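Assemble the complex: chain H is given as a structure, and chain P must be docked to it using the hints.
One line per chain: the protein sequences are H and P, in this order.
Per my numbering, residue 19 is the first one in the first sequence, and the count goes up by one each step.
Per my numbering, residue 19 is the first one in the second sequence, and the count goes up by one each step.
Keep in mind that the hints were calculated from the coordinates and are not lab data.
These numbers come from a predicted model, not from an experiment.
Be careful, since some hints might not be right.
For identical chains, the list gives no copy identity; a pair is met inside one copy or between any two copies.
Once the Cα atoms are required to be at most 20 Å apart in a straight line, the calculated DMTMM-like pairs of lysine to aspartate or glutamate come out as [claimed, not checked]:
hint, residue 1, residue 2
1, 238, 81
2, 238, 216
3, 263, 89
4, 238, 200
2 protein chains.
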Amino acid sequence: MHLFALEGIAEVIPGDDVAEILIESLTTHHDPLEEGDVIVLAQKIVSKAEGRYAFIDEVEASEHAVELGAECDKDPRLVQLILDESEDVLRVRPGVIIVQHKRGYVHANAGIDRSNLPETERERVLLLPVDSDASAEQLRQRLSSHFGVNLGVIINDSAGRAWRVGTQGFAIGTAGFNPLIDMVGKSDRNGRAMEVTEVAVADELAAAASYLMGQANEGKPAVVIRGAKPTLGDYPSSVLIRDKKMDMFR
Amino acid sequence: MHLFALEGIAEVIPGDDVAEILIESLTTHHDPLEEGDVIVLAQKIVSKAEGRYAFIDEVEASEHAVELGAECDKDPRLVQLILDESEDVLRVRPGVIIVQHKRGYVHANAGIDRSNLPETERERVLLLPVDSDASAEQLRQRLSSHFGVNLGVIINDSAGRAWRVGTQGFAIGTAGFNPLIDMVGKSDRNGRAMEVTEVAVADELAAAASYLMGQANEGKPAVVIRGAKPTLGDYPSSVLIRDKKMDMFR
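The shape of chain H in the complex, shown without the other chains (with noise of 0.2 Å):
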C-alpha cells in the first residue's frame, strides 16, 4: 500500500473546482489514478470550493447561545454557528462544545474552524461541507471519469477523541468503496468465528492519510492511496454513525 501526497495545489476558493485541481496536479507532478486508488481530501479544501464560510459579525445570537458561550467562554455568535450546524449537545467545557453534527459525526464544536483561513478583514469561519458523502461522490464521478477507473473517496477532518489525547483523521464523507467492512461469517485463521465483526476500513484510511497531510503549513490537502484494494460500489458513509439508540456515552 502506497501513499503520496498531491504536489502543486495551491488555496482553494469559493467557486473553485476541486476534481479540475486534483486533475491538474495528478496530471503535472504525478502518474494517472489507477484501478481501486482512493484519494482522500482534507475537508478544508472541499468546504472552501463550496463556499462554506460563514461571517462572524453577520451572526446573531440566541439567549441560548449566550448561555453555553459563557459557559465555555466563546463568542456567543460562534456558538449560535455550532448550534446551527448541530443536532445535539453532549457537552459544555471551557473552550469547547462537543455536538453532534447534523451530519451525524460527534464533533468538537461543530467541526468550524478557524485555522488555515486567509486573513480578511471582518472574522470568519469555515464550516463542514453540507453534505460530504454527496461532495465526495461528485468529485468520484469527475475523476472516475476522467482517468477511466473505479475510484474511493474519502473527505476527511481530524477530531479528537473520548479518552485519548491528540486528533486523528477520521472519514467525514465517502464514496465509491464499503466504508464499513462486516466481518461476520469470516472465520479466523483457526476456524473459530470472530468477535470482532466490523471494521471502519473508512476511517482507518483516512487516518492514514490524515498523517501524510501532516503539518498544516505543508499544505498537502490531498492524498492518494494506492494499493489499498477496497470494495469498490455504492455505499454511504452513514454506516460508520452509530445510532444514537446504541449510544453508551452520550
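Just chain P now, kept in the frame of chain H:
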C-alpha cells in the same frame, strides 16, 4: 509513504522470539529495515509470545464479577479476568464491559480476546501484554541493533469507538518515536496560530497498519511503514492516554 505486511509469519507460541521471527521474515521475503522505518505489530503475536494466556477454568469469580456477569451476559470468570486487567469500569451492557485497562486505554472487555486462539481442550483467552511500551522497546532495540538503523515500533490493537461504528487500530505501546506531535507554536500556511495543537500520530500509523493487517484469516500480524519520517527518540505512549480529570465521557 509505503506500507507492506511481512510474509511468512506462522502461528506464534509462548516463548517465541518475536524479534527473531521478524528478522527471519524480513531477510527471507523483504528488504532490510531502513532508517526511520516504523514496524507495527499486532498485539496478538506479542501477547502470544509472552504467554499472556489465561485458562478460564483456573479463574475464581468474585461476587462482583458474578453480578456484572449477569448484567452483561458473560461468564463470570471471564468478567473476573476483565476486572483483574482493569482499573475502572465505565459501562456495562449486554455483551460488553467497557473498562479502563490498567495501562490506561479505554477498551471493551479489557482487550481480552478469544478469537484467533488455537483450539485447546481447556478454554483459554489472551490478555494484552503486561507493558506494551516495554515490549515495543525491547523489539526496537533488537531490530535496531540487527539492522543498524533507528526505528519506531508500535504495538497495535483494534477497538470500538464511542460514537462511531466499527473497530479501528490504535497504539497500545510505542517505542523510538514521538507518538503525539505537538503543534503548539506552529502557524498554519497563513501565519495564523493553529487551534489544533496535538496530533496522535502513533494512532494514525497504527490505524494505517491495521488496515493492511486486514482480515484475520490472512494472518498478517506485522507491517512495516516506510517513509513516515516520525520524530525519532525516546518517548512513552502514555502521553496518548487522556487524564481521568480531563475525561468528559466517563
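A quick look at each hint next to the structure:
Within a single copy, residue 238 and residue 81 get their C-alpha atoms no closer than 40 Å, and across copies no closer than 55 Å, so neither meets the 20 Å cut-off. For the identical chains of this complex, residue 238 and residue 216 are inter-copy neighbours only, at 18 Å across copies versus 30 Å inside a copy, given an alpha-carbon limit of 20 Å. Taking the closest pair of Cα atoms, residue 263 and residue 89 come within 20 Å of each other only across two copies (18 Å); inside a single copy the shortest separation is 28 Å, beyond that limit. In the homo-oligomer, the alpha carbons of residue 238 and residue 200 lie at most 20 Å apart only across protomers (18 Å), although the nearest pairing inside one protomer, at 32 Å, exceeds that limit.
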